[in-house]
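K.L.:
These protein sequence lines are chains A and B, in that order. The opening residue of the first sequence carries number 1 in the working numbering; numbering runs sequentially from there. The opening residue of the second sequence carries number 1 in the working numbering; numbering runs sequentially from there.
Each hint should be verified, as a subset may be incorrect.
What the hints assert, rightly or not - Cross-link-like lysine-lysine pairs, in silico, DSS-like; alpha carbons within 27 angstroms at most: (1) A:K112 x B:K48; (2) A:K291 x B:K48; (3) B:K48 x A:K117; (4) A:K117 x A:K138.
These aren't lab readings, by the way, just hints derived from the structure by calculation. Keep in mind the model is a prediction, meaning the values are calculated, not measured.
Now for the letters of each chain:
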Amino acid sequence: MTTQSLLAIEATGLVKTFGETRAVDGVDLSVRTGSVYGVLGPNGAGKTTTIRMLATLIRPDAGSARVMGHDIVDEAEAVRRAVSLTGQLASVDEDLTGAENLILIGRLLGLKRAPAKERAGELLEAFGISEAAGRLVKTYSGGMRRRLDVAASIVVTPELMFLDEPTTGLDPRSRNQVWGIIRALVAEGTTILLCTQYLEEADQLADGIAVIDHGRVIAEGTPGQLKASVGSGALRVRLLDPEQRPEAARLLDKELGAVSLEPDPAALSAPCVDADRGAYALAELARAGVKIADFSLGQPSLDEVFLALTGHPAEETPADDTHNVAANSIAEEQGA
Amino acid sequence: MSTKSNHADLMTEADEAAVRRAISSIERPPPASSLSAALTFGWRGMLKVRHVPEQLLDVTITPVMFVVMFTYVFGGEVSGSTGDYLQYLLPGILVMSVLFTTVYSGVALNSDLTKGVVDWFRSLPIWRPAPLMGSMLGDSVRYLLAGTVIILVGVALGYRPEAGVGGAVAALGLVVIFAFGLSWVFTTLGLVLRSPSAVMSAGFMGIFPLTFLSNVFVDPETLPGPLEAFVNVNPISILVNASRGLMGGNADSGDIAIVLAVAVGLTAVFAPLTTRLYRRG
Numbered sequence: 001m002t003t004q005s006l007l008a009i010e011a012t013g014l015v016k017t018f019g020e021t022r023a024v025d026g027v028d029l030s031v032r033t034g035s036v037y038g039v040l041g042p043n044g045a046g047k048t049t050t051i052r053m054l055a056t057l058i059r060p061d062a063g064s065a066r067v068m069g070h071d072i073v074d075e076a077e078a079v080r081r082a083v084s085l086t087g088q089l090a091s092v093d094e095d096l097t098g099a100e101n102l103i104l105i106g107r108l109l110g111l112k113r114a115p116a117k118e119r120a121g122e123l124l125e126a127f128g129i130s131e132a133a134g135r136l137v138k139t140y141s142g143g144m145r146r147r148l149d150v151a152a153s154i155v156v157t158p159e160l161m162f163l164d165e166p167t168t169g170l171d172p173r174s175r176n177q178v179w180g181i182i183r184a185l186v187a188e189g190t191t192i193l194l195c196t197q198y199l200e201e202a203d204q205l206a207d208g209i210a211v212i213d214h215g216r217v218i219a220e221g222t223p224g225q226l227k228a229s230v231g232s233g234a235l236r237v238r239l240l241d242p243e244q245r246p247e248a249a250r251l252l253d254k255e256l257g258a259v260s261l262e263p264d265p266a267a268l269s270a271p272c273v274d275a276d277r278g279a280y281a282l283a284e285l286a287r288a289g290v291k292i293a294d295f296s297l298g299q300p301s302l303d304e305v306f307l308a309l310t311g312h313p314a315e316e317t318p319a320d321d322t323h324n325v326a327a328n329s330i331a332e333e334q335g336a
Numbered sequence: 001m002s003t004k005s006n007h008a009d010l011m012t013e014a015d016e017a018a019v020r021r022a023i024s025s026i027e028r029p030p031p032a033s034s035l036s037a038a039l040t041f042g043w044r045g046m047l048k049v050r051h052v053p054e055q056l057l058d059v060t061i062t063p064v065m066f067v068v069m070f071t072y073v074f075g076g077e078v079s080g081s082t083g084d085y086l087q088y089l090l091p092g093i094l095v096m097s098v099l100f101t102t103v104y105s106g107v108a109l110n111s112d113l114t115k116g117v118v119d120w121f122r123s124l125p126i127w128r129p130a131p132l133m134g135s136m137l138g139d140s141v142r143y144l145l146a147g148t149v150i151i152l153v154g155v156a157l158g159y160r161p162e163a164g165v166g167g168a169v170a171a172l173g174l175v176v177i178f179a180f181g182l183s184w185v186f187t188t189l190g191l192v193l194r195s196p197s198a199v200m201s202a203g204f205m206g207i208f209p210l211t212f213l214s215n216v217f218v219d220p221e222t223l224p225g226p227l228e229a230f231v232n233v234n235p236i237s238i239l240v241n242a243s244r245g246l247m248g249g250n251a252d253s254g255d256i257a258i259v260l261a262v263a264v265g266l267t268a269v270f271a272p273l274t275t276r277l278y279r280r281g
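Generate coordinates for the entire structure from the input sequences, incorporating the hints supplied.
P.N.:
Spelled out as structure tokens, the structure:
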């Protein structure tokens, strides 16, 4: 019984089928109360359908789940009282003003007229959208709109908040603002289930991550564990002179082993867990007269983790080619 | 990673403190009652009329144009004088304009559905039919407004209800009750079809011919036999007859009873259907 109070979400074998497609095909999740839990996966992986089941918008075809201790089918009303849904799917009303939306939801959640109005003013002020309070939401910029979405979902502070792609399409400044708000919510004790396709976002915010692909959880753990499960970190070196690569490869292979040559004719990498050994290997290169343009030492990125787990990149349109190339070489090493 | 971020991009500590204060400064109130939730949704409907008055104009301008054009172009031919024709035409136009407005109930619901607003409401701990009840309440006020506009335009052009203000108000009331029943048909359509414009086309494809194949514009006795038979059983014709009766001071209680029965029947079939579709989302 004690585990129940510690778990905000406890899902076992959730299944949802639409016609022939099994959108969610047996998802298990445990989310600790007070944490930020990231659900990662490409579009169509089943993230949104999972959230819609947990938020009681649709019923699972099989499996069961408890959210804040309440069964999502038998105690749907109690679940709805504890959670709020924000993001791509549950939208505020674009034909009302920002203030009207917040008053509307305040009244629906049980606030009287005057306190609802006061609460709306307080939130608009805190989220920096009070100048736009009287404007129709459809005229809002992406960043303002997203801040209003979040404000609407904390008019009465939820115990658990479902955030579906909260920063998709935002510029870096707005994205950082939304992240700041999420951190403030967590600091005040709200549990957050964060659905995202941005691996950096999960890396920045989440304590635990589940990777979903084809309707199943294919990996779970802390960001650190997921990275470790893919393998060690790597030392990457780019040389000033590509002619020196064979010499560099020989030295790195001796110090670190398993050197791989990258498509860039001046670059190579080797697995490296221990930073001291990496530093020593670099010193060996210097001693042998190999000129280094730049080097990096780090854990694999979550992009690389995703690729290694699923065999395909997280985002369909590779925004950064070199990144995927690097990820490929890691994946190949793992295969070897 | 944080070294990449420009410091000015980040929320300042003061911002974050304000957000945290806002989060911690609220106690969960007791849940809203069913009535209060439905009234709040009615208020939402009213706000939309205020923000997008064009929507009301759309459905009133066409009927107003019909009043003016038909009265002055055909009036002399059909009834011998424009004044007489206006007396005949106006109650029909009242019916037409209010019934056109009902299509927008379906359009608005579909647009809530496609934009995700319905999911927002469905995720809230409120009485489940509250959003629908509230919109219907708000829509009924819209029907009243649309009907009032038409009657006032008629009066400005010289229309005078023989039964006085009381008769006009009674006719308006009857039309709004019928519109309430009919609007459930369009909300059902709004939950089944894919887009607001599909609801609009399908809705008007149904309501347009039904309105023209009625006694709104001409006396059915002048029509060919089979058409006359159809026009006479068309519920819209019966509603128009009842409204003419109420405004003219010679109402047939049989007509009124049929209109009320059709309104109740439509509500009994389509309101539960709408509610079930809405719940399922």
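K.L.:
Now, for every hint given, state plainly whether the structure supports it.
P.N.:
Cross-check of the supplied hints:
{"no.": "1", "hint": "A:K112 x B:K48", "in the structure": "holds (21 angstroms)"}
{"no.": "2", "hint": "A:K291 x B:K48", "in the structure": "violated (69 angstroms)"}
{"no.": "3", "hint": "B:K48 x A:K117", "in the structure": "holds (18 angstroms)"}
{"no.": "4", "hint": "A:K117 x A:K138", "in the structure": "holds (21 angstroms)"}
In summary, the structure is inconsistent with hint 2 from the numbered list given earlier, while agreeing with all the others.
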